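Novice: Sequence:
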Amino acid sequence: MRATDHMRLENQTRDAAKRLTRTAALPSLTAVLNAQEGLGVGVAWAAEDMTLGEIEFVAYIPLKQLSENRAEGAQNGCEDCAAAKGRIDLAVAALLPGFVPGVPATGRC
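So the sequence shown is numbered by the working numbering: it starts at 7 and just counts up by one.
Treat the hints as calculated values from the structure; they're not laboratory data. These numbers come from a predicted model, not from an experiment. Positions of the beta carbon are idealized from the N, C-alpha and C atoms, including for glycine. Since no wrong hints were added, every one of them can be taken at face value.
So the derived label-pair ranges between C-beta atoms look like this:
1) ARG93 / GLY48: 18 to 24 Å
2) ARG25 / ALA88: 37 to 43 Å
3) VAL38 / GLY83: 32 to 38 Å
4) ILE61 / GLY92: 23 to 29 Å
5) LEU102 / GLY79: 18 to 24 Å
6) ASP21 / CYS84: 36 to 42 Å
7) GLU74 / GLN18: 29 to 35 Å
8) THR10 / GLY83: 40 to 46 Å
9) ALA65 / ASN40: 15 to 21 Å
10) ARG8 / ASN82: 47 to 53 Å
11) TRP51 / THR29: 14 to 20 Å
Below are the SDA-like pairs computed for lysine to any residue, each with C-alpha atoms no more than 25 Å apart in a straight line:
12) LYS70 / VAL49
13) LYS70 / CYS87
14) LYS24 / ALA9
Kindly generate the complete structure, drawing on both the sequences and the hints.
Specialist: Right, dumping it as structure tokens:
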């Protein structure tokens, strides 16, 4: 039985994370977006050799930077930028309490 398109995408994403970790000798996180006409966007991601705390930290950094990027548009009166910044800031606020500057993200179940 053939795997669904999304299952294949997830498997390929997991394989890519494993290869990247092996090649770079570093932990890795890969993410893939697959836009399908009329169906929306599928997302697959995989982390290799990373703790849950490190994965949270990787999520936090681009969200914080994205919020900073949307700030200029929001300050200039762009309603879309302001709405996006508000949503992103909620995500940043949810992740922020777990991070202490200078201390590595840790934790594994």
